[in-house]
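Trainee: For this one, chain A is given, so just place chain Y on it according to the hints.
2 protein chains.
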Amino acid sequence: MNNRYIVIVGCGRLGSHLANKLSKCGNSVVIIDRDESNFGKLSPEFSGFRIEGDATQIDVLQSAKLGQADILIATAHEDNTNMMIAQVAKKVFGVTKVIARVFDPKHEEVLLKLDIEVICPTAAAAEMFLTAANRQS
Amino acid sequence: MNNRYIVIVGCGRLGSHLANKLSKCGNSVVIIDRDESNFGKLSPEFSGFRIEGDATQIDVLQSAKLGQADILIATAHEDNTNMMIAQVAKKVFGVTKVIARVFDPKHEEVLLKLDIEVICPTAAAAEMFLTAANRQS
Chain A
1 MNNRYIVIVG CGRLGSHLAN KLSKCGNSVV IIDRDESNFG KLSPEFSGFR
51 IEGDATQIDV LQSAKLGQAD ILIATAHEDN TNMMIAQVAK KVFGVTKVIA
101 RVFDPKHEEV LLKLDIEVIC PTAAAAEMFL TAANRQS
Chain Y
1 MNNRYIVIVG CGRLGSHLAN KLSKCGNSVV IIDRDESNFG KLSPEFSGFR
51 IEGDATQIDV LQSAKLGQAD ILIATAHEDN TNMMIAQVAK KVFGVTKVIA
101 RVFDPKHEEV LLKLDIEVIC PTAAAAEMFL TAANRQS
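Protein sequences appear in the order of chains A and Y. Residue numbers for the first sequence follow the working numbering, so the first one is 1 and each next one is one higher. Residue numbers for the second sequence follow the working numbering, so the first one is 1 and each next one is one higher.
If we strip away everything but chain A, and leave its shape as in the complex, we get:
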């Protein structure tokens, strides 16, 4: 599972962390961000490609060779951006596995219907808080 071609959108805290991890264990990773300075979060060992550009533009996704990707990971800061890119990856580029971060749990349902996997940190954090609150100290 470590020789896949993975395109990551967004080089924030989450995107850069995933890029470093997935690159380190042998995957080919391309990471896209609008702001070049965000690439500073990548570790020196990151062996993938960086693309400075707006991933809501089809030509930027084409330059990332998204059509050849095994996995698309969307970690931009706006839910709408991630939802848009995830749908384009699935429907236009035919990427098999598409995983998107959304902050608003309401957006989850829409994406699941489109066979897009969804990670919702808000819902995950809420569950963790409730578990911690109910645990006897």
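Misleading hints may appear alongside valid ones.
The list treats identical chains as one, so a pair stands whether inside a single copy or across any two.
Keeping only pairs whose Cα atoms sit at most 20 Å apart, straight-line, the calculated EDC-like set for lysine to aspartate or glutamate is [to be verified]: (1) K90 to E109; (2) K91 to D59; (3) K113 to D79; (4) K41 to D104; (5) K24 to E127; (6) K41 to E108; (7) K21 to E127; (8) K41 to E127; (9) K21 to D104; (10) K90 to D115; (11) K65 to E52; (12) K106 to D79; (13) K24 to D70; (14) K90 to E108.
No wet-lab data here; the hints were simulated from the structure.
Mentor: Quick look at chain Y alone, frame taken from chain A:
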């Protein structure tokens, strides 16, 4: 476990969700936010108290009767705010169970040493992404 006195700082998406849930199952909840409009996120069934104020001010925490709280939950948007409030709750008010959200995993270690429980949505989301990426579709 449903008759506790719980003070929540921050009425954003996470804070309001927790306030609604914890209030609904019978706890006494006080929620503090600097911006009154955020209280609009609370459900009509929320039966706790709202305090408009800056929770980094000791008198605001006093007005929330933090000294009597069983649990303090810090969900402000800045890590520094949550770390500060969590420490004050533990050391000044002697709250037994203090749970704080921090976005930067580096902040986790500092708080754990102070017996403060930490929820890091970034780390949780990263784990979830890696699990999803490695799962056979």
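Trainee: Give a verdict on every hint.
Mentor: Taking the hints in turn, this is what the structure says about them:
Proximity of K90 to E109 under the C-alpha cut-off of 20 Å is restricted to the intra-copy arrangement: shortest distance 16 Å within a copy versus 39 Å between copies. In this assembly of identical chains, the alpha carbons of K91 and D59 lie at most 20 Å apart only when taken from the same copy (15 Å versus 55 Å across copies). For a Cα distance limit of 20 Å, the shortest separation of K113 from D79 inside one copy, 16 Å, qualifies, whereas the shortest one across copies, 35 Å, does not. For a Cα distance limit of 20 Å, the shortest separation of K41 from D104 across copies, 13 Å, qualifies, whereas the shortest one inside one copy, 25 Å, does not.
Taking the shortest alpha-carbon separations for K24 and E127, only the inter-copy value of 15 Å comes in at or below 20 Å, while the best intra-copy value is 30 Å. For a Cα distance limit of 20 Å, the shortest separation of K41 from E108 across copies, 19 Å, qualifies, whereas the shortest one inside one copy, 28 Å, does not. In this homomeric assembly, K21 and E127 come within 20 Å of each other (Cα to Cα) only across copies, at 11 Å, whereas the closest approach inside a single copy is 25 Å. For the homomeric pair K41 and E127, the shortest alpha-carbon distance between copies (18 Å) is at most 20 Å, but the shortest distance inside one copy (29 Å) is not.
Taking the closest pair of Cα atoms, K21 and D104 come within 20 Å of each other only across two copies (17 Å); inside a single copy the shortest separation is 26 Å, beyond that limit. For the homomeric pair K90 and D115, the shortest alpha-carbon distance inside one copy (8 Å) is at most 20 Å, but the shortest distance between copies (45 Å) is not. Only within a single protomer do K65 and E52 lie at most 20 Å apart by alpha-carbon distance; the minimum there is 14 Å, versus 50 Å between protomers. Taking the closest pair of Cα atoms, K106 and D79 come within 20 Å of each other only inside a single copy of the chain (10 Å); across copies the shortest separation is 25 Å, beyond that limit.
Taking CA atoms no more than 20 Å apart as the test, K24 paired with D70 passes inside one copy only; the shortest distance there is 17 Å, against 43 Å between copies. Taking the closest pair of Cα atoms, K90 and E108 come within 20 Å of each other only inside a single copy of the chain (16 Å); across copies the shortest separation is 36 Å, beyond that limit.
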